[in-house]
Amino acid sequence: MPIRGSVLSCFCLFPFSVSPKGKIRSSGKNDAFTVSNEEQIDRISFLPDEIICHILSFLPTKEIVTTSVLSTRWKTLWTSVLTLDFEDNWPCFFNTTFASIVGSILDQRKAKSIKRLCLHNHNKSFSIDLIGTLVSTAVSQNLQELDLFCYCYLEVTLPNTLFTCKTISILKLSFGSTINLNVISSIHLPSLKILHLYLLYLEKDESLMRFFSGCPILEELCYEEVKSNNSTPFKIFLPSLKKLHLKCHDKRVQIVTPSLEYIQVQETKVCDSLVCNMSNLVKALVDIYFDHCEKEYVSKLFNGIHHTKFLELSTYTTEVLANSSFGFPEFHNLVHLKLCLSTIDYCFLIQLMLTKCPKLEILDIDKVYEESERKRTQPRITLVPNCLSSHLSVFKFREYGGSKDDLELTKYILKNSKVLKTVTIEMEIWLEAKKASEAMSKLHALLSASKFNKLSNSLSTFTLMYSISSNI
Amino acid sequence: MGERGEEWEAVMLRKAEEEESKAVKKVKLVTSDGVTMEVEISTVKEMETIQAFMNATDTDNSIIFPLPKVSSHILSRIMELMSGEYDQELVKRLSHEELKEICMVANYLNMKTLLHLTASAIANLIQNKSVEFVRHFFNIINDFTPEEEVQLRKTHEWAFEGVDED
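Residue numbers (full-length UniProt numbering), protein chains in the order written: chain W, 1 to 472; chain U, 1 to 166.
Heads up, none of these hints are tricks.
For lysine-lysine, the following PhoX-like pairs were computed, each having C-alpha atoms within a straight-line distance of at most 20 Å:
no. : chain 1 : residue 1 : chain 2 : residue 2
1   : W       : K115      : U       : K112
2   : U       : K112      : W       : K193
3   : W       : K193      : W       : K166
4   : W       : K283      : W       : K243
5   : W       : K442      : W       : K396
6   : W       : K309      : W       : K242
7   : W       : K338      : W       : K421
8   : U       : K92       : U       : K112
9   : W       : K75       : W       : K110
10  : W       : K172      : W       : K242
11  : U       : K154      : W       : K75
12  : W       : K75       : U       : K129
It should be emphasised that the hints constitute simulated quantities derived from the structure, not laboratory data. Just so it is clear, the structure is predicted and the values come from calculations on it, not from any experiment.
Isolated chain W (complex conformation) (with noise of 0.2 Å):
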């Protein structure tokens, strides 16, 4: 029985194992986690105040203050922790109430700095000028991390300090109303590294434009639903920035960033905000929809980030992708490829994208759901990609639901790829245990075909997981 030969030899050669609960991790290092060593461990009595301090940091202000009743050494530890943070779980007061808690806390504290001020407010009535009197006060304490989360409704000025703050690194704007920078003299924020703007409208374009040019190290942006009433399209150039989180449905923008290495642009219409091209890049997460009279401002963006070594594609992306007959540009430097699927007859596209990535070593795929199979509408590509002869290691397939193009796909890496070392298939988490085992059968067999065609020179891990569900 030359055949079963060949399957039982496969099983020895190859770690493969078919885990029945959850998931397989790395074997080595980790366990030695699991083993609990029962070896003396001297309890501490206690942990000295500067710790504790830092541990209390963590935590929102109203539950830092019922520590005082602990015991007696804790009864005013509180006041010496460096952050107030002031999260959404107050009760229902009026707002003179939380005005004069605030101020007695501020009496009370010892801490000579406010290293984090967070105030986070989504329905209760806060009046404006405790937010300025609460920003100035930090600001006057050396403060480093801002984060304003407000609903307010009404326009919101914010104290002049704050725009020439010199220790401020890390500042987080969201306020779904009008803010005012326009009233602002003069903004320097020499160690700004992280800004996140999250739903403002601002009066003008040109304030925003003034902000940006007065953070000369920024590093981190993060640009959600900001709106200006302005209609003319306008520039950011940021030279420092490194990361970019980008939201925008406005087409007026435009982010030249040189030096980014990661991007994400998420939800966004696509438009013609990144405007250069970033030969530092490193990874990049798209998620954004057009449709066909788009197709130029997607090859821009394409061409924006094609020399990216990580790029993630969305379900939505993917699907649009598949869908137009848009000339994706050659990735040279991409080295690991992650797609969410959810379209049926994707294996066209993934050949398509693979003859454009000629270094590809990782590919994850991950279905998010399958739709029925229709048929075939898309050409096979004959030749076989570059990548996949000389690159191609890893090959990871999340939430397989065993379909024809799941089947085909799997086979068309394993068959086609010269030097491929791994191969993870993670079975669809809701896939009933009689549709999973004739999955995994067909794999089986698909590996034991493969081994034939002597690519077991180079696979060295096969690995199955299927983790039972609770519906069964």
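Given chain W, work out where chain U should sit, using these hints.
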């Protein structure tokens, strides 16, 4: 299988040779329970307390550094966290005692990333927990009289609003 075994041996041999040829300067750390652990100099870089000492001494010989406050068990846990690039999953597997002790050591050795990670993990554990839970967690003995405690709760009444005592 035999073929595979030989191949593996060859790989290990090559690895050993490579390591020897690199001849990295090692640091010996002596723990409170008398265990000597040899670590690479790159590992020590994050331990700013030791790094400062090394910068001051500047010797070519291997350095022995006593750590009277650190047990070998905790030191090996720290090494695991460092080699795992401070994976949150690894932190979750630590016992409460280990977590507290590692936090102390991170403070003592001035390891910023580790201190941040363990302190925030502890904060996560005590967040939204009852006063009794937090007392037990930190081994705190309540030395207030019942009257004093009631009085304190009254002073900060607003902070206790909406808190479930369990």
